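Given chain E, work out where chain C should sit, using these hints.
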Amino acid sequence: VVLAVSYMSDALEAAMREQEQRLGIRISMSHEKEPLGTAGPLALARDLLAEDGEPFFVLNSDVICEFPFAALARFHRQHGGEGSLVVTRVEEPAKYGVVVCEADTGRICRFVEKPRVFVSNKINAGLYIFSPGILQRIQLRPTSIEKEIFPAMAQDGQLYAMELQGFWMDIGQPKDFLTGMCMYLQALRAQHPEKLHSGPGVVGNVLVDPSAKIGANCVIGPNVTIGAGVVVEDGVRIKRCTVLEGARIRSHSWLESCIVGWSCSVGQWVRMENVTVLGEDVIVNDELYLNGANVLPHKSIAESVPEPRIIM
Amino acid sequence: MPLKAVILIGGPQKGTRFRPLSFEVPKPLFPVAGVPMVQHHIEACAKVPGMKEILLMGFYQPNEALSRFLVSAQQEFKVPIRYLQEYAALGTGGGIYHFRDQILSGGAEAFFVLNADVCSEFPLQEMLEFRQQHGDMHSFVILGTTANRTQALNYGCIVANAGTQEVQHYVEKPSTFVSEIINCGIYLFTPAIFQHIGEVFQRNQQELALCPYLGEESSNGWQRAEVIRLEQDVFTALAGSGKLYVYKTDGFWSQIKSAGSAIYASRLYLNQYSKSHPERLAQNKPGGPVIRGNVYIHPTASIDSTAVLGPNVSIGEGVTVGAGVRVRESIVLHGASLHDHTCVLNTIVGWDSTIGRWARVEGTPSDPNPNDPYAKIDSETLFRDGRLTPSITILGCSVTIPAEVVILNSIVLPHKELSRSYKNQIIL
Chain E
1 VVLAVSYMSD ALEAAMREQE QRLGIRISMS HEKEPLGTAG PLALARDLLA
51 EDGEPFFVLN SDVICEFPFA ALARFHRQHG GEGSLVVTRV EEPAKYGVVV
101 CEADTGRICR FVEKPRVFVS NKINAGLYIF SPGILQRIQL RPTSIEKEIF
151 PAMAQDGQLY AMELQGFWMD IGQPKDFLTG MCMYLQALRA QHPEKLHSGP
201 GVVGNVLVDP SAKIGANCVI GPNVTIGAGV VVEDGVRIKR CTVLEGARIR
251 SHSWLESCIV GWSCSVGQWV RMENVTVLGE DVIVNDELYL NGANVLPHKS
301 IAESVPEPRI IM
Chain C
1 MPLKAVILIG GPQKGTRFRP LSFEVPKPLF PVAGVPMVQH HIEACAKVPG
51 MKEILLMGFY QPNEALSRFL VSAQQEFKVP IRYLQEYAAL GTGGGIYHFR
101 DQILSGGAEA FFVLNADVCS EFPLQEMLEF RQQHGDMHSF VILGTTANRT
151 QALNYGCIVA NAGTQEVQHY VEKPSTFVSE IINCGIYLFT PAIFQHIGEV
201 FQRNQQELAL CPYLGEESSN GWQRAEVIRL EQDVFTALAG SGKLYVYKTD
251 GFWSQIKSAG SAIYASRLYL NQYSKSHPER LAQNKPGGPV IRGNVYIHPT
301 ASIDSTAVLG PNVSIGEGVT VGAGVRVRES IVLHGASLHD HTCVLNTIVG
351 WDSTIGRWAR VEGTPSDPNP NDPYAKIDSE TLFRDGRLTP SITILGCSVT
401 IPAEVVILNS IVLPHKELSR SYKNQIIL
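Which chain is which? The protein sequence lines are E and C, in order. Per UniProt numbering: the first sequence = residues 1 to 312. Per UniProt numbering: the second sequence = residues 1 to 428.
Be aware that a few hints might be false.
Listed next, with one range per pair, are the computed distances between beta-carbon atoms [claimed, not checked]: (1) P402(C) to Q155(E): 55 to 61 Å; (2) Q191(E) to P402(C): 32 to 38 Å; (3) R100(C) to E303(E): 53 to 59 Å.
Negatives, chain C to chain E, calculated, CB over 12 Å [claimed, not checked]: (4) V25; (5) Q39; (6) P49; (7) S67; (8) K78; (9) V79; (10) Y83; (11) H134; (12) T164; (13) F177; (14) R224; (15) D250; (16) S276; (17) N284.
Covered by chain C, according to a simulated footprint, are these stretches of chain E (three or more residues, beta-carbon under 8 Å) [claimed, not checked]: (18) 231-237; (19) 246-255; (20) 258-271.
I should point out that these hints are in silico values taken from the structure, not numbers from a laboratory. Because the structure is a prediction, the values reported are computed rather than measured. For glycine and all other residues, C-beta sits at the position ideal for the given N, C-alpha and C.
This is chain C alone, in the form it adopts within the complex:
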């Protein structure tokens, strides 16, 4: 069966919680567990038999990083990959509606839609089989997972028939409890979806025609009729119509909204590598650094044999790690240099940054409660009660940290050269 996949990658106005890291590289290309965020999606899609084409969709201007990535991904995964640029931010439904002809070209009978900013096991084959089992080949499938009662309110909530898994009710980010089953942002559609999106589009147009004054809000908050949100506009309407189903998974899943969640997602993917890509996990070798747990080290990185790395560490291209360095729960981006005896914990070290001798760079993890199997990572606010919430420390690109200082729970913007210790601050 010919299939396609659409990966929604957003644009510069989206993903602002990922700053300052998103200043250098579009968020979907940010490395998670050693490879660009969206490569995990592409790899999963390319594995599904019948996958004809993968379309990245977003409203980034064409840029070198994206183009280079597309070329190398095509070569590696041997499947055509293209970038379709939306002329404006059209919402999770508007983009695929706009490009529906491209998606359906070549006779695709079904297609996946995946949000780029999620980390998942991508049970795509299972979603196809589930749809086959449940009979209706024209139905749509949402991938769902279980959250705890409090956190579920932050996601799209799905109420489903216990036997058939048909979605009876859908509400996006409710203020009161509706269901613990949440929307993972990964869908399986047939061409029929465009009919439903088209209906929303027409409704929008009619509404806008009724509000001729600029600045008067329409129901989707935008001035354009083409802005369509799959979740609020389409799923809510389809719930209870017999056309929408949920496939529940217990596999790992997380949103990647902030830098802290990138470290958490890295941990999940690095964990998966023991089965999917054991060659990507560093091993303890005589003469090599001490490796604890899951660690990814780019082949061009240079690590002193007295360094101790891990668990959950990714070391990028050309990174140098000096003698007696300790790195734990961190991502070190390419070109960075960690001098002797430094200690880097719960931190993202930006491209080409330098950390001086004996410096301590430390953040506070925002991991979900390990005692709750359904807990999800909090997308916490930057400030609480007027104070900066302790979070992952982020060093932007080309930051210089002098020797012997401590940088704790801070965000350092690109190209800063620090001269002293900082705690709980955003350094501009």
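Chain E with its partners taken away, still in its complex shape:
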């Protein structure tokens, strides 16, 4: 697995070492010193990718779905073209790259990035498989794969689309992250219900790390994920939230549609809603009301935020 990163950190490297051990695979870092867009990084990692002459997958990391790697590989070998991408149906295609393809073969005729008029409701799901030949199309400079490479490949008849089964979400924005989380939990309920949390005060799909502690008289869920070492005190109500590792939610608070960052401390009788996002190590004082507050890391919040805004 090659990670194409523009920002390298010790924490990331350490985490990847851990994953290598756990999974028994090789993880390489390809570090771009200047931003290379969505295609340039492939050129940068050319040697690693073309190593064994086999096709390689490319994924955008801010996408969540039931990754159909085996089916995609099969589809790609069958048509023999240079590239295959996964498409999914959405209600608002204008936010994404839209794909027009032949119904029977899946060969892509047109590829339009963020069209202003309606073209099709099938969009690029951000998951590809390419044959190494594609690397000849990509130079080592900032390049957009969607705007420069794909349209050319489509014209050459070398790009094919496979429709995704199951859920898909671009989780780049906090609001969409929470929606994606709900979809993921729903799929988990269908496939591995034993992984979900159950018990008194648990409603709907809830995922709780075994090391987390939940107090008395809480009602948690639906659609809540609770990370390692989290402490939820008595009488707390949480709905549609992600609570990251090490956070503490103090008693009698009420949270809906929030992301609580690592090691945060949310006080007693706090109400947080409407995609409030707390960065790492944020402290929220008792009895406050946060409505759509986006709080940068290491801040202390001592006043309510009744209307959505960013707290720097």
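Chain C in isolation, oriented as in the chain E frame:
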């Protein structure tokens, strides 16, 4: 010396800024720090030696709440208390003029007049002593206090001689700065006041005789000659005549015009309880709720031991407060029910209302600037620039708030059953 006291309680057309709370109970009976607003006045008057009778004066129709209150107040304070009903709104001077015989009956040598909608330490004994010290037993005394320059314009302004405290100039709500000493709405009169009021009455009659057409405005804006305002009509004329004095106090004082000011007044009285009525302040006890600061809890209220109350909280008769409830700077009226984990801040919860689990009911305090010792509570307008000014949240009587919602800076009229969150709204 035989004394009497008259408490001006107004009527339904007055005190409209106190709606929707005044729909259920006449404003003077609204509980402040656990007892009816006007009971604080009665208690202060009853303590003055020589107090023969307390007269409540207003133009409310006789009603059950008022009658019951009068009976119980008489029993508690052991002084005759009567209600005199004006046949129309006669102004702060017209009522006492109309009932002057009742006031003077029994040989009262002096009498206090107090506005019901003020909250005060009531330094009545001190006003009597001040009058004695300053020599003229026939003079009248206004209780005054200091306001800041900007806010003074909202009150009656008094200019007094620095040595004698004789009032040289009086103007009600001037548009330019006159004085920082303001009229507290508490007066000490002798029977001679009626002579001065009588003069105003005669002047009014003469003026009305000159304007025979209905609808043509007279100087006091009313069609009746009997409507007399002490402030504009009497004090302004008496200033500089050597008959009017001001006794300045630094004790606490505030007007109670809006619901927000009722919470502020509660705080002032609850503060006073540590000296005057320590038995009314709740204490931290094992097995009891956590009490922070000054809190009044009616003996029949039922409070879970995990609740945290205060500072400045009054809990009325028969109220239930569930587990993990937080109440701060609020008044909870009788029969209300706060379910588990609710958070109630800067709010008046109406009689028999219900607040569902995990709901947050919050208002914005309109407290005077704590850094200015002379700042007074603003009587703010309901709207500013077309938007509702953030203020205390008020739930009228029998309002139902569902679980898990937020009600912020809103006024909910009686008997409403809400189904979602509201912010900055008046909900009809």
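Hint by hint, here is what the structure shows:
1. Taken as a hint, the range 55 to 61 Å holds for the pair P402(C) and Q155(E), whose Cβ atoms sit roughly 58 Å apart.
2. Against the hinted window of 32 to 38 Å, the Cβ-Cβ separation of Q191(E) and P402(C) comes to about 35 Å, which satisfies the hint.
3. The hint said 53 to 59 Å for the Cβ distance between R100(C) and E303(E), and at roughly 55 Å that hint holds.
4. For V25(C), the shortest C-beta to C-beta distance to chain E comes to about 30 Å, beyond the 12 Å cut-off, and the non-interface label holds.
5. Distance to chain E confirms Q39(C) as a non-interface residue, since its nearest Cβ pair spans about 32 Å, more than 12 Å.
6. The beta carbon of P49(C) sits about 47 Å from the closest Cβ of chain E, which is more than 12 Å, so the claim that it is off the interface holds.
7. With a least CB separation of 41 Å from chain E, S67(C) remains clear of the 12 Å interface cut-off, as annotated.
8. Every CB of chain E is more than 12 Å from the CB of K78(C) (nearest about 44 Å), matching its label as outside the interface.
9. Against chain E, the non-interface label of V79(C) holds: every CB pair exceeds 12 Å, the least being about 44 Å.
10. Distance check for Y83(C) against chain E: the nearest CB is about 43 Å away, which clears 12 Å, and the non-interface claim stands.
11. Every CB of chain E is more than 12 Å from the CB of H134(C) (nearest about 50 Å), matching its label as outside the interface.
12. The beta carbon of T164(C) is kept farther than 12 Å from every beta carbon of chain E, the shortest such distance being approximately 50 Å.
13. At roughly 34 Å, the least C-beta separation between F177(C) and chain E is larger than 12 Å, which holds for a residue marked as non-interface.
14. Every Cβ of chain E is farther than 12 Å from the Cβ of R224(C); the closest lies at roughly 48 Å, confirming the non-interface assignment.
15. No beta-carbon of chain E is positioned within 12 Å of the beta-carbon of D250(C); the least distance is around 33 Å.
16. Distance check on S276(C): its Cβ is at least 30 Å (rounded) from any Cβ of chain E, clearing the 12 Å threshold; non-interface status holds.
17. No beta-carbon of chain E comes within 12 Å of the beta-carbon of N284(C); the shortest separation is about 18 Å.
18. For the stretch 231-237 of chain E, the assignment as covered by chain C holds, since 3 residues bring a beta-carbon within under 8 Å of that chain's beta-carbons and 3 suffice.
19. A count of 3 residues in the stretch 246-255 of chain E with a Cβ less than 8 Å from any Cβ of chain C is obtained; the coverage claim is therefore met, three being the minimum.
20. Here the stretch 258-271 of chain E counts 3 residues with a CB under 8 Å from a CB of chain C, which clears the bar of 3, and the coverage holds.
Comparing the model with each numbered hint stated earlier shows that all of them hold.
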